[in-house]
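Trainee: Each chain, written out:
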Amino acid sequence: MTGTRVLVTGASGMMGRATVLELLARGHRVRVLQRRPAGLPVEEVLGDVADADVVARAVRGTDAVLHLAAKVDVVGPWAEYERANVVGTRRVVEACRAAGVGRLVHVSSPAVAHAGSALMGVGAEPADPVGTRGHYARSKALAEIEALAADCPDLAVLAVRPHLVWGPGDTQLVERLVTRARAGRLPLIGAGSALIDTTYVDNAATALAAAVEVCGPVHGEAFVVSNGEPRPVAEVLTRVCAAAGVPGPRGRVPFRLAWLAGLAVEGVWSATGATATPPLTRFLAEQLSTAHWFDQRRTRQALGWAPTVTLDEGFTRLAGWYAAA
Amino acid sequence: MTATPAPPASPAPPTTPAAGSPGLRAAALRRDLPGDLPGLDPAWSRLVEVTDRDGRSNAWHVLDSGGEPTTGTLLCVHGNPTWSYLWRRLVAAAPPGWRVVAPDQLGMGFSDRLGAPRTLAQRVADLGDLTDALGVTGPVVTVAHDWGGVISLGWGLDHRDQLRGVVLTNTAVAQPPDDLGPALIRLAHSRVWRTPVCVRTPTFVRAATALSWPPLPGAVRDAYAAPYAGADRRAAVGDFVADIPFTPEHPSWPELVRVNEGIRALDVPALLLWGPNDPVFAERYLAELRRRLPQARLHRFSGASHLLPEDAPQYADAVVRFVAGLDTPAAGQAAAPQPDPGRRLWSALAERAGDDDAAVVEVAGRTVSWSLLARRVEEIGRGLAVAGLRAGDRVALLVPPSVDLTAAVYAVWRAGGVIVVADQGLGLAGMRRALRSASVQHVIGSAEGLAAARLMMLPGTRFSAGPLGPAARRALGVRYSLVELARLGRQARTLGDQAHRRPVDAECAVLFTSGATGPAKGVVYTQRQALAQMELVRRTYALTPEDRLVAAFAPFALFGPGLGIGCATPAIDVTKPGTLTAAALGDAAAAIAATVVFASPAALRRVTATAGEATGAHRAALGRVRLLMSAGAPVPASLLRAAGALMPAAEAHTPYGMTECLPVTDVSLAEVEAAGTGDGVCVGRPLPGVDVRLSAVSPDGTADGPLTDAPGVTGEICVRAAHVKDHYDALWVTEQQSSRDAGWHRTGDVGHLDEGGRLWVQGRLPHVVTTAAGVLTPVGVEQRVERLDGVTAAAVVGVGPVGTQAVVVVVVPVRAPRGLGVADPDLAAAVRAAAGTEVAAVLAAPRLPVDIRHASKVDRARVARDATALLAGSR
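Protein chains in written order, with the numbering used here: chain C, 1 to 325; chain A, 1 to 875.
Fair warning: there could be bad hints in the mix.
Chain C is faced by these chain A residues, among others (derived, beta-carbon under 10 Å) [stated by the list, open to error]:
1. V775
2. A806
3. V808
4. P813
5. A816
6. L820
7. G821
8. A823
9. A841
10. L871
The hints are simulated quantities; they were obtained by calculation from the structure and are not laboratory data.
These numbers were taken from a predicted model, which means no experiment stands behind them.
All C-beta atoms, glycine included, are put in the ideal place defined by N, C-alpha and C.
Just chain A, with the same shape it has in the complex (with noise of 0.2 Å):
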């Protein structure tokens, strides 16, 4: 075997053929290389003269971004019919110390044309000879999309000792079972339409561009099909979709099962970065990836399809960070002491299972005592794990808050599953997006839940919450309702207790972000870090059985259980937290004798507003309540003064935290009120156990500063803690992001620390607006309009680039206009005149928009849209 690098093409020289006809035909091609190209330096281009294991003798295009790889080689191998040009961003950004290489296969792209089809074999022989041609002796990491995912794996495979890691996009090793493989490719694959789709018209190649989201520019589409003009260059391009092997018959079939069962041996680092709106690899194949490769990191790119090189141009980021952490030990998080190591999510369940106390009441609905609930619940687990759900399994839960949920979530964790759990609020675009990206197992819903799943086409067994007709049993393929799981259960003879044996640090929870800046993260939690996070809430506001506690927030009632306190969720929809009045709050206190009441800033409003239908045994009941919680958003000092009237033996506290972290602080109403006005909204200090620190905003709005506890410095609110989410879901870049200082979550949230330790909150951090006087927090200034008579709402926003941003306020005036607007002079005037900053537009809105969940967090960055588009003029 002879290579003979060719010297860097660009300038190409004509080079002297060589004797007989393939050098001939690789003379001509090698006048025909990419020009100018978007995106590509031409200085990237070479020609790698490489003879094959036939003795033939073939020019390969390869990108190279030069360099000396003294950490290592990006060896990125790309599929069909694409070119090296997929991967120009990461030439481009090639990390120092890393030489990145891009090979055109042959007979594709601009590498010579090959006179007979190349079987997978052959190409993963190929490009080994390849990598010997060009000297790659060093550590590599694969890089592959496509059909270049198995051919890159198969050099992983021949070269093991070299391998370091395996980056994989949108691709497929192996048919899932019972999947006769992807329907684009089969039919491409079918003899009909392969050579007119594939060869005789750039069908193909032009589809392979046609995918993307957002489209492509033109050039960019044309750069893709410019090696690709005329049938005679387009014949690797049906070759390589007949040598796609669907059955054991094919000749590729070996090769193909080599690669994809040698892979379950790769113990190096796999990073997997996947655009979930493929239509030619669906879900399915990224699940069997999964299950081959366990290892695997995942990142899904919202939005992006099959082509993600180009959908996601981020991935080369992504990659850069991958290849920098290879050598970095992961960070581990700060231990957390583990008072009692025995203790599990349903253990105070358990503990009350001799009690006939109410411990769930729906009201207007069912009660049930703790007895019944803790039977029910180790019932369900065992029908669970009877029906297959295995220990690590994901569950969907689609049931409305109820005494089915709770029963659902805890029989979930006593059969060793994972819940997963995204707001209805997010409407069915948004919950698809989120809950087919924790890939369940299983879904648990009630009718409409899995009328809604089969909707989402979410993969996974179904049980449903309630008992259902048998035509709808069919239709919506269920496998058991919870009663006949309770069933199977009380007939399994043995427990099989595989929640017991399940390690404490295992997943328990996959809970979905609010989506209120971006798509909904799914936020992964161990059975450790929730138990934490109950014990805290527990010590926090000295919790005890004695306690009943009334969820009008309704995911807090699932708390009940794991407290072992006594919930209630009032008659109200729970999408519509603003729905609940003073009376259905009273009911709610009365049906348990609540001594708690956690609700958010928007139900209280609507309660205070509503004090006067109360009777007087709603205030009598809601006269016990001995705490008033109120979370989910900033909570005026006086609206917990309001909800005071009704609750005159409250004290009343609103906690700060997040999905990823809840609760960080705490601050009752008296320490509120001692704290007085400041900039932003005072939530008092970290609880124990609980970290905070800021990382200081620089004057372009990202928050860079190292973390500090000093006063008075202004950043992103940073968190640690036992209770702190383990990892963002499927989200491995948002995850390196927020967890970029080992053991610390960064929360988005920006606030500074006071001389006194309490925390404020200032807004978040891609609401800052960035004044070419510095930074300004929203908050602060919302706070001091909104004590304006005739405001209900403000909201300060930027507009104009960053670094030199014009502030702008939106007020909601008491006389709401009918759209947005400029402010009339009197308003404009008095809010300029609270503002304490130069203002240039004060604008009138009839409202604001806020967040599904709570009703309460108002969405600047649309406010800011908004309001830049109105501030443009007329155009």
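Isolated chain C (complex conformation) (with noise of 0.2 Å):
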């Protein structure tokens, strides 16, 4: 299926950007909505994705749409999470049914089905605002069960959710890793064993470019897309240092008090105010010491996908690009 008219919002991330050039390689033609010039040599829509004047013009002409734009962070107020995730979704639903767009691809998160407790091969368990922890994964959950909520014979939506996306150029998981690694702050929490497993830039783009191609005849399901290999959180932290340069983790933090430390944070940084990131989050403390990996059988045969690059090539790729840099 080549010469499908897409557009992708929330293009200038890392997986944005990686999923675009997977599309385009794939012969489709592609638009792209966000706020700043991704630099990607396809036309580009500036602006808001909760403007539905915006988006409306976005989708005109289109075939499908990945939507992709999101507001990850673990501080700011809730009407930010609501006004990027929950509002933008239903701005993109609104514009693809106006405008008779028939496919509609939503990029959600494994988070919007996690209370906390630890996930071992489990499948895509429906999205849950209640259970969810933060403001990220609430909105997230909202926002999934709208999208697919528009599931319908017009328009057929998916939700793809990639789990804990890493590649050169990541500034959310590898670089916040590496920077404390660096300065000697990366401890493990617990017992470092948690099994988690963790997608390849490049893995997720390829799945999300054949959620856009499928996406039709497969419709109205939740998938976790991961690379399929889970490893201990020690080993991931390891490798990901190992490829930066820089020493790997020191010491061990119990999981209680990293928790209790990531709620004294929270507490100081949105009482203060504070824009930038939090060194240590309770969701982050919990990420990194319960296990998150992901039954993938379904994923792999509803997409017709499979990872291309393993979690070893990955590393290689990681190391690569740090001693380019």
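Reassemble the complex: the two chains are provided individually, in unrelated frames, and hints are given to aid placement.
Mentor: This is how it looks when you write it as structure tokens:
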């Protein structure tokens, strides 16, 4: 299925860029929508995804929308998350309907179904705005529910939840870990034994491109996407640090302590109205100390997709990028 | 007698009250039907109006699966103080062609309350009136619990032409001799307690569901109590208790006797499903039931208590299986040729009765000659018969491996008895569970063994292996010692040769498995099967009377007299095979001039590690050994080679088999080396007369493929041979599963056959890892990882849900950590490189949990549990 006209929202991040390039490589025509120029060789609409007029303009003349734009953070007031993630998704759905766009791939997160306990080999459980932790997960849960509720014969909707996406140029996960490790302040939380799966960015990009292509015959479902290579968190951190050429994790913090510290930090951050990302949050403490890995069978079957970059290859590429930087 | 089946009760339209007060009461109750209770479908509920023999009309509440009973009806009868809710799983599991009906007895559950107590005879008649009203005319299998047992059997005797089978769970039909009845019921029965406990308060109603293990969910307990809110609702609960006839003066006594005597003539198939932890109906009630229904099959659900249908929800599957098999003739074992029909287990011993060579040698202990052993076995056997042992009686042997044990085993056989042997390694609780399940009539024990028998509350007469002081004798209730039995036997005028008259297909042994995977199972052998086993061992290893054996795995010493070869046991603690040193082995070999050594891999490991301690005399004795056998767990070739350095003349062999069938295959070290490496452990080709097939493993880890001998198919190893076990004892369901391919035994091991017909063992079926990419068997990966320097042992397990498990390798590094944790990066990388499969996590452990019998089989289920907990993270 080549030659589809695709609108990608939120294309300026690592995953957005990679996905746009993947879609182009597959012969699709891509337009992007985000606030600032993304520097991609494609047609750009600049503006706010929560602005109905902007979104209406952006979807005009497309066959499919890949909705990536979101506020991904751990601080800030609820209203910002609601506007970017819930209202933004609503505007995209409305625009698709109004313009007669037939396919919508909504990019979500496994966090929408995560209430803090260990997830071992589970599938894509229903989004749960009540049980999730933090503004980001809650707003994404509401957004996914709204997006999938819009699935109908005229508009096929899929939700794809890439899990812990990383790769060269990642400012979210990798760079934060590396910065802390370089400063000698990256401890293991708990025993460092929690089994976590991650997604190398190129695999996320191919999965999203595949979702755009199968959306239609496959619809109304949510899929978790990952490398399918879970590893103990200590091993993941050690390998990230090794690739970046910084010292590995040092010392251990008991989970309870980390969680309480996260709670305190979040309180201080929100009380002071700080906008920078805090060093530790409860969400992060949980992410780095409880198992998160997923049953990928349905995902791979439905999307007709499998990861092409193994964990080993991913770390090699990451090391190459740091060496060149 | 009139009967008006009411329409299905839900949604129940208000029924017009009939004339007279009973009708009014019935109408009031009709609104009180089971509501939304866990596991109960309201569509099953119906009310049936039945006029009893006194002309009174009563409404029965019945759970009815409906459907056309083209094959038959399962009539389920509850006891006191439960109601038909007890049978909800069976109603839900109604097999095709079967209608399941489960009434609430009158006065109970959601049936009408009664003005007066009801006798047993009335209740039996009531049930007949109800089945008439329900139009139950075809074949019926009754299913009953508790006091429903007698009522259901009474119905069965009254409907003999319809009765096709009976299923009973934790019930009693008669008090065993010298028994006053269940203490708890007697307490509730007493006038003083009955009303306050059963009626005025819900104590009895609540207590019935408090006995369950594991504890029942609160909602289920509430469901049982739902029809018994208020003293007026509980009147029949108290009346029911009062109706239990403990003495002949009781009005219900004649009916009880009619039933419990009548069933002796019942020749229909019977199934007993039993919760052994029942504080109400203890073991002796089961024994009494089995005396009256000798044809009954039994399955004991380990750990289950009185409320069996709750404690063992799988009872419903067992009932379904039972009714499915009613019309299937029992599949016969493959008829095995019997070379010498006159041969018995003691024949070889008798043949050497004139021989003064050593038959059994305890190193640093006693030695007995063939002639003495043969004479003692005759005498003790006769003495046992004089002391009351009857053909077919079961005898628990609680004697450490010794001359006494050997003599006792053959004497029991000589007397026509059945030996019951459980491993000390099971621990007291495990042995208690095992030996109690075997319903032994006698115990032969050392002082420690008899003390343990007392602690385990084993039934039966007591015989002591050695002499005891008068105080100990009294305390342990010893009837005779072996010496006294021998004296009794010498005095006996006639031999009364009950053993020779005993058919060769009668039971001779119940041997318990090591319990490495769940509770130990009792494996029943007939004499024919045991003889076939000895014959196969003798032929496979070309054993002659000129051979002499050192049995470092002590139970193997018991083969000695049966094979007619002398045996020595080394001076070690038999429960710790890993304590055998090269010197101890050398001493044993010298003591009997051994030609054959049998030792577990764990024992051999220690022997090779202590080779330096062996003196010249030890080496000389070991140098005469022609055959080294090691079994019990996969034996690495390197270990056999190392042992070969001590026994240079010995050909090393490892038989493969299990408690249920030993041996299945045999392989020599040379053959192992010729086979090279592969996926699993090469155990050689099936022995003559042994058929091996595989049942392929599905992606979900179950072995459901058809039996095949095609090379390369990985599946559950299935065996057919003359020496395969007869059946599992008191585990009817397990037996059905293990022998579901007629004539074949499913071993629970997984492996494949290669092009050359060699069998490779790849692990245990429950240990197969089910990844998204397919199933992975553990042994091949473990072998590759164990070849790494710095790794002493490895276990491969799966964590996560079936079908999408992550592979975890747990290694014991040379520099062992203090606890289980993530392996260091270099070790993890090396393990991943060696594993040859995607590995999610490499963990390092100080040691791996192993079985108690051989200290060789890794308990991968426990490894998986520990790994799962660790890898879930620190919550």
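Trainee: Please flag the earlier hints that this structure goes against, numbers listed from lowest up.
Mentor: Of the numbered hints given earlier, those the structure breaks are 1, 4, 5, listed in rising order.
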